[in-house]
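Peer 1: If you read the protein sequences in the order shown, they are chains H and U.
When you read off a place in the first sequence, starting at 1, and then add 52, the result is the number in the working numbering.
Counting from 1, position 5 in the second sequence corresponds to residue -4 in the working numbering; the numbering is continuous, with no gaps.
Hints are computed from structural coordinates only; laboratory data are not their basis.
A hint or two may mislead.
[Said to hold, decoys possible] No farther apart than 30 Å at their CA atoms in a straight line, the calculated lysine-lysine pairs in the DSBU-like style are these: (1) U/Lys59 <-> H/Lys315; (2) U/Lys38 <-> U/Lys102; (3) H/Lys170 <-> U/Lys(-4); (4) H/Lys417 <-> H/Lys503; (5) U/Lys59 <-> H/Lys433; (6) H/Lys303 <-> H/Lys340; (7) H/Lys315 <-> U/Lys(-4); (8) U/Lys(-4) <-> H/Lys340; (9) H/Lys303 <-> H/Lys503; (10) U/Lys102 <-> U/Lys59; (11) H/Lys398 <-> U/Lys106; (12) H/Lys433 <-> H/Lys398; (13) U/Lys59 <-> H/Lys398.
Note that the structure is predicted; figures quoted are calculated from it, not measured.
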Amino acid sequence: MKGQRTVIGIATGVALAALLIAALAPWQGSGVGVGWCKGTAGWFFIACCVGAVGVIFLGVGYYRLTGAVTSIAARLNSNLSVTAGAEGPRVLRVVAEALNARAEACAEAVQRLQSELKDLQIRSQLAEREKRHTEAILYSLRDAVIVADGSERLLMANEPAARLFGFDAAGARHQPLRDTIGSTHAEFLELLQQSGRGRTEATRRELQFTQADRPHTFDTIVSCVQESGKVSGVVAVLHDVTKEKEISQMKNDFVSHVSHELKTPLASITAYSEMLVDGEADDEETRKEFYAIIQSQAQRLNRLIEDILNISRIESGLVKVNKEQASLTILIEEQMQMIRSYAEEKQIAIISPHPIVYDQVYVDKDMMSQVIINLLSNAIKYTPAGGSVSVEMHVDETAGLARVTVTDTGVGIPEEEIGRLFGKFYRVSANNKQAKGTGLGLNLVKQIVEKVHGGRVFVTSTVGVGSTFGFELPLATAAHAAV
Amino acid sequence: MTANKVLIADDEIHIIHVVAIKLRNNGYEVVAANNGAEAYDLACREKPDIIVTDYQMPLMTGIELIEKLRKEERTRDIPVILLTARSFAISPEQQESLGVANCLSKPFSPKELLKTIQDILYQRQLALEH
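Looking at chain H on its own, in the form it has when it is part of the complex (with noise of 0.2 Å):
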């Protein structure tokens, strides 16, 4: 701007000079009044004048022209929206206009796409939120849980479902399937590939599973998720259910054992009864028997009943309980009597307990005689002819209670097998053959001993050499005699 001014002071002055020159010089004789516009230095003047006043002009409107654009550049440096103001050319007007209608649409543009981002954001955050909840949700789940992507590589897998294929879920992240889930689960992984290939909303089937050396069922649903068209997933929720076919299973098993053992006395009382309308029993002794035998067959039958029915009762807390205080020596006693010849038939010697002083116990007699005779009944049927099966007794004064022991020298039972014992319905499996059961004989009493009278029932086995049952129960206090 200062050069300009200088070129344009400087042309202006040239200017002045040239008229004041012109004006005073001798030329032709006479003042610029008279020869100023004749011959060369004449024209050479006025030329210098006409060229003078348009430098003059040009520098001025370019003076002008400069001053606003520079204006305008200093406005679109402080904001985006510029005026041309009043003054400057009009040309520069309009250029104004132009980029004042462009900076209006970009900062239109600005703010829509400034609004887009906040609403992404938000959407992001929210996804983010809600993707943290279902994986929240996932890995809280007991059931095992796998996700892949459409490529049979693994997106997610919860704990259980590492636990049960054996991997590391965070390590195996983005890995192939086949490398994760291995060779041994090839049922598996076959029907996540298929489930991918064939596009089918969800498959369910039942597969087999070891867990800790243990056969599981597992009720398995895998599904695939498309998105367009194309598969973009697969989900695995798999359930174990080896619990509820367990239970299922000795439900069954136990109805299919309760109806044989209620139609074989059944079966007995049918025949004999048949027998005798039929006249088949030709004296008065023989009719006796079979009066006998149906009788006993039905009282067989009504035990069988009440058994279910106690044990059911029990449970459910509504048994009629009357406790008073009983030496369990004379106890024991009595039904080592009412078993003994059910024993000499299996020629299995039984041993009876020594005597004790202190034996007083504050116990319901029936039940109590329903425990002794149960474990005295299994010890036999368990123990092939020639064995035995000894009863011992001991009193823990100072614990206040009195322990009593059943063993025998019969067939055993497994290790593994030993915790389900007490449990309703349960029967060995490798004895099964040995002897008839309905599997509710040591759950009665382990629901007498414990939950009616407080005390703990034990047991413990060598296969192949004999099995020790027993059970504790509190000695009767001063408090007991009073009653």
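Chain U: place on chain H using the hints.
Peer 2: Just chain U now, kept in the frame of chain H:
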């Protein structure tokens, strides 16, 4: 004429007792076993004309007994009646493949058992004559 011999296998002594009385009253000779193993030994030794066995017995079940009888030349062709207290204990296909002549559900009628034995032996007799 020699009486037909029936082998009864059941771990319930009263069942053996009542069936034996019924059959003996109708001219049959009866031998009895308390379990499957004993029944197999008796079958090989006595060669009964027909066997009546319970389904569930100690040491060897009725099914295991039948399978073993079918493998032994001496007992392969002896007809067997299966007594069972379980519903659907044996399917018709299994019955046919094991060669079980008939199945009776407990509680059963001694009269019905007698009639079944008579029918089976009669059919067998006809088959042998032809």
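Peer 1: Now tell me, hint by hint, if it's right for this structure.
Peer 2: Comparing the hints with the structure gives:
Using a Cα cut-off of 30 Å, the hinted pair U/Lys59 and H/Lys315 holds, with the two alpha carbons roughly 27 Å apart. With a CA separation close to 24 Å, the supplied pair U/Lys38 and U/Lys102 stays within the 30 Å bound. Simply put, H/Lys170 and U/Lys(-4) have alpha-carbon atoms about 98 Å apart, too far for the 30 Å limit, and the pair is violated. About 15 Å separates the Cα atoms of H/Lys417 and H/Lys503, which keeps this hinted pair within 30 Å; it holds.
For the suggested pair U/Lys59 and H/Lys433, the alpha carbons sit about 26 Å apart, so the restraint of at most 30 Å is met. Of the pairs offered as hints, the one joining H/Lys303 and H/Lys340 is violated, with about 39 Å between alpha carbons and a cut-off of 30 Å exceeded. Pair hint H/Lys315 plus U/Lys(-4) holds up; C-alpha atoms about 27 Å apart against a cutoff of 30 Å. Among the hinted pairs, U/Lys(-4) with H/Lys340 is consistent with the structure: their alpha-carbon atoms are about 28 Å apart, no more than 30 Å.
About 22 Å separates the Cα atoms of H/Lys303 and H/Lys503, which keeps this hinted pair within 30 Å; it holds. Using a Cα cut-off of 30 Å, the hinted pair U/Lys102 and U/Lys59 holds, with the two alpha carbons roughly 29 Å apart. Taking the CA atoms of H/Lys398 and U/Lys106, the gap is near 35 Å; set against the 30 Å cutoff, the hint is violated. At roughly 9 Å between alpha-carbon atoms, H/Lys433 and H/Lys398 fall within 30 Å of each other, so this suggested pair holds.
With a C-alpha separation of about 27 Å, the suggested pairing of U/Lys59 with H/Lys398 holds against the 30 Å cut-off.
The structure fails hints 3, 6, 11 (numbered hints given earlier, in ascending order).
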